[in-house]
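S.K.: Need the complex rebuilt from these two chains, each delivered in its own frame; the hints are there to steer you.
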Amino acid sequence: MNQVKARWKAYRRARWTLLLLTIVMMLPLMVITLSNGAVPVSFLEIWRGITTVDRDTANLVFWQIRIPRIAGALLGGINLALAGTVLQAVLKNPLASPTTLGISQGAAFGAALAITVSGINSPGFYAQNWGMDNGTVVSLSAFIFSLAPSAIIMLMSRFQETGRETVILAGVALSSFFMAGMTLLQYFADETQLAAIVHWTFGDLSRAAWPQLAILSIVALATSIYFTFNRFNYNTLLAGDDVARSLGVNVSRLRLTTLLVASLATSVTVAVFGILGFVGLVAPHIGRRLAGADNRFLLPVSAVFGVLLLLAADLLGRHLLGSIALPAGIITSFFGTPVFLLLLLKKGAK
Amino acid sequence: MSLSVSGLSFSYNRKTVLDRITCSFAPCTLHALLGVNGAGKSTLIKLLGRQIKPDQGAVFLGDKNLASLGISEIARRIAYLPQRHEISGLSVADYLLLGRRPHICWKVCEADEEIVLQTVERLKIGEMALRPVSELSGGELQKAALARALVQQPEVILLDEPTSNLDPKNQHEVMNLIKNEVQDLGLTAIIAMHDLNLALRYASGFTLLDGGRVLATGGREVMTEENLCQLYDVGFQIQSFGEHLVCFPV
Chain V
36 MNQVKARWKA YRRARWTLLL LTIVMMLPLM VITLSNGAVP VSFLEIWRGI TTVDRDTANL
96 VFWQIRIPRI AGALLGGINL ALAGTVLQAV LKNPLASPTT LGISQGAAFG AALAITVSGI
156 NSPGFYAQNW GMDNGTVVSL SAFIFSLAPS AIIMLMSRFQ ETGRETVILA GVALSSFFMA
216 GMTLLQYFAD ETQLAAIVHW TFGDLSRAAW PQLAILSIVA LATSIYFTFN RFNYNTLLAG
276 DDVARSLGVN VSRLRLTTLL VASLATSVTV AVFGILGFVG LVAPHIGRRL AGADNRFLLP
336 VSAVFGVLLL LAADLLGRHL LGSIALPAGI ITSFFGTPVF LLLLLKKGAK
Chain D
2 MSLSVSGLSF SYNRKTVLDR ITCSFAPCTL HALLGVNGAG KSTLIKLLGR QIKPDQGAVF
62 LGDKNLASLG ISEIARRIAY LPQRHEISGL SVADYLLLGR RPHICWKVCE ADEEIVLQTV
122 ERLKIGEMAL RPVSELSGGE LQKAALARAL VQQPEVILLD EPTSNLDPKN QHEVMNLIKN
182 EVQDLGLTAI IAMHDLNLAL RYASGFTLLD GGRVLATGGR EVMTEENLCQ LYDVGFQIQS
242 FGEHLVCFPV
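Taken in order, these protein sequences are the chains called V and D. Numbering follows our numbering, with no gaps: position 9 of the first sequence is 44. Numbering follows our numbering, with no gaps: position 64 of the second sequence is 65.
Keep in mind that the hints are not guaranteed to be accurate.
Computed cross-link-like contacts, DSSO-like style, restricted to lysine-lysine with a CA-CA straight-line distance of at most 30 Å [stated by the list, open to error]:
1. Lys40/V x Lys54/D
2. Lys40/V x Lys125/D
3. Lys108/D x Lys40/V
4. Lys180/D x Lys40/V
5. Lys125/D x Lys54/D
6. Lys54/D x Lys44/V
7. Lys127/V x Lys108/D
8. Lys44/V x Lys108/D
9. Lys127/V x Lys54/D
The hints are simulated quantities; they were obtained by calculation from the structure and are not laboratory data.
One chain only, chain D, in its complex shape (with noise of 0.2 Å):
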């Protein structure tokens, strides 16, 4: 399902963090969202997710407005992950049965139960499924958060720097979690990331914010080292690294 904004306008404590964007994303991608801090990513994301509402403008998914659907409805269709993940004594079964929250109405089925195990199946998590949130590694903690936004089987999935803090193999783990997904259930993913490489190895979509307006949006014509100059005010430089495009400051 396609994701677009249009003349999205977002303040916060009078200073302007979204100033009028307009933009778009295409359906069964996987979309970078890249800026410097403070460009207006998060809050982007959040405003996808209507976890905040804008000043100005409007989010359509596919052509209803967000304004229109109830709270439930976009629960069913979008899926958030946040930047930062609260832990708790739930073990982790029961921490991604909350994603059939927007599905479930007096009590949890089988049914749901059943989503729950195949995605621990698909996400091949079975060996930390009993084990309690509270003890999970920092790339676990962030597979059983992608896992427990998969069982919301939502049609949008939105990640805030899902990346962070992890180490490059957890990094590259998730990413592909995340891009097998995309393919397979034909998910759009939209990621706030900081790491310029992650985006350009498994990313189909960027958009680049910079002060709370978008620079280019687009393919990958738009990473340019112009773009990515303008963006980050420092020079860069891209190569081709066998069929990956490389980027790095000079």
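Just chain V, with the same shape it has in the complex (with noise of 0.2 Å):
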């Protein structure tokens, strides 16, 4: 009984020693989006900028643009991470993510539809929609819109049960629907709204600022306590639905829930940077494959796999073409799918 003891525990060392590790790896790539981008901050200004309240324009850059971005990846990267890994864990569908659900289009029909029926850019747009500003309606209009396809999961649980397959069809569905409303807004839209709407669907961590950081933050942290809360029953439904049950959990509760709470997650994250594709999906992959399956390192290790492909993801966007900077929405989505595409072919290897 010893031996076993003693290998079961040498076991989950080296697994909080990856965790550990993986937290070690984001350190060096948060400097260097620092220190990186139109106004070079040295690691000097950073230190100081760190320690000071200057009001020089290396200390405005870090306070306004430099960390907000770093707040950002790490945010929208836990939020999407983990809401990938629970959604994979309850639907037990390797593919859900907050796309396959239809959230992240959701929040894109939103978007759309704000930009293109609420006369966005027309000159009384600031009295005709309660003092907000563009910025804040269109958000609103996508974190709408994104909650719909959960809402609509939720409805019709009321009414049949709810399987795994089911949720997953209906994802499927919702997200035709909302792609062919975005594509009749955009065939209806002028050349400005067109253009808008593009240039939201590509997601960008540039666009938070202070405010918006804190609703984010508010939400990761409440969210990410739900996720961790339930960190054994997602281990449960690894031995099956029954056998959940048996173990003293409700699975349809618990399959809804973390569907909404997930979709919550996702929407405040889309309806800040817009969407970022891939790192749902492709972080709880790369965790997997490092931290196995067990959920109690899982969720962790993914969500700090989350920020470090958003990190990544901002810092290549910004170097890859010289002096245009391309958003982290636009990099995620071009590499996430070889990406993927080779943790898939590994796997098959294995």
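M.R.: Written out as structure tokens, the structure is:
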């Protein structure tokens, strides 16, 4: 027994070490992201920025642009990666992600609707919309519509037992519906609106300012606590729904509440930054390859990889085409596909 | 702890699977639930564990109606092993730890891990403790699933065809493990099964289900050639072989 105990302890220690290592990996990437950009900021200035409150240019760049960007990557990465991980856990589908369930498409449709219908760019816009600026109205509309797929699935569950296949299929159907709606809006949009819609769909970390980050951090904290509290329940689902039920887990309720909470985390993130594709899909897969299936370790490791992916995408986007900075959303979508295919190939080879 | 059902009915898609059945399962006994495919054995197992709710009637654990107990309370007292086990990348030790779910509030504590280790030792499965569940053979997976159910420390354990798809050696190993746990821990085990000889060898209580109704229930006296013939619609002969009864179709 002692031998098994020792091996089990060593096994767990290895996974904690892995988690610590991945967290440590984030730090250099954060410092590089802080120092890189249109205005170069030296490591010394970064240190000065942290320790002083000067009002010089470097300090303003540091506090108003670079730090919010890092915080955006941190909170957005955590939200999207955790949402993807728990959705894959409760739906037992490795392809489950905010995109598969139509959450991102719902947000894109909401943003497009606000841009085309609510008279954005019109002279009387500010007065018409209760004093809210363009960005706020677009984000709010994106948020409301990104919750729609989950709300519809929850509504369906009132009439019928919601199995995991039902949720996935409903998500696919709703994605198509929202994409069709967006195409329709684009068809009727004028050139300026069309450009605004297209621009919004590129997820960009530079959109976050301190007020949005405050909301994002509250949501990230609350949803992370919920997911962490249920980490053992997600593990029971690995043994099958029947077994989970026999272990005292209300499977239908867990599935629906997780869907709702994951939607909330994604909705707020997408409403602030736009669509950051593939993070919610790829980060859990990388996490699972490294940390295994145990959600007690998988959740934090996936979250760290969500942050790493966004930081790397943002950094790459700012350097790939020299002076033209590409939004992180383009990079995650562009590189997410080959990375995901590579993971699938390696899984097959294994 | 005894388990009994009273006037239990269940239909699926308007087809009656169980029709007002009444029977009881004595405590600290290994019960075999026998019947043809579709007789309602798996459904009864699920109803006994409140995996599904009956259309009519009630299941009693001791003198308590299961409907009056919460999902966690039931999980602390009744363990369930389905017919098929889903495989995952969890290590066997972590898989066993799932059995502590009904007892855990926020965090796994040392005592929970000790229970896992004791079960591993008792069932002599230390060799596979750190292997992923996905790499286990059929027999190993069945033993791991049984260990997971025992880690739950239940009073009643419900097993749905635990020996199907196992070779004779593994069948006997699994049945021996269950019988030992029944004897040593005072568990009540109810097993849906098809192998009549395994049932005769290991069980001391028998319930014969025929078309959603109880044909006979009791001790070995219900395992007659007439009852088996009526149950399976084929002639059976039962003979003594040493201290065991053996039955075969004729």
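S.K.: Take the hints in turn and mark each one as holding or not.
M.R.: We went through each hint and held it up to the structure:
1. Restraint check for Lys40/V and Lys54/D: the C-alpha separation of about 40 Å exceeds 30 Å, so the hint is violated.
2. For the proposed pair Lys40/V and Lys125/D, the alpha carbon gap of about 14 Å is at most 30 Å, so the pair holds.
3. For a cut-off of 30 Å, the pair hint linking Lys108/D to Lys40/V stands: about 18 Å separates their Cα positions.
4. Of the pairs offered as hints, the one joining Lys180/D and Lys40/V holds, with about 27 Å between alpha carbons and a cut-off of 30 Å not exceeded.
5. Distance restraint check for Lys125/D and Lys54/D: the Cα-Cα separation of roughly 36 Å exceeds the 30 Å cut-off, and the hinted pair is therefore not satisfied.
6. For the proposed pair Lys54/D and Lys44/V, the alpha carbon gap of about 41 Å is over 30 Å, so the pair is violated.
7. Our distance criterion of 30 Å between C-alpha atoms is met by Lys127/V and Lys108/D, whose separation comes to about 24 Å.
8. This hinted pair checks out: Lys44/V and Lys108/D have alpha carbons roughly 16 Å apart, not beyond 30 Å.
9. Restraint check: the Cα-Cα separation between Lys127/V and Lys54/D comes to about 25 Å, which is no more than 30 Å; the hinted pair holds.
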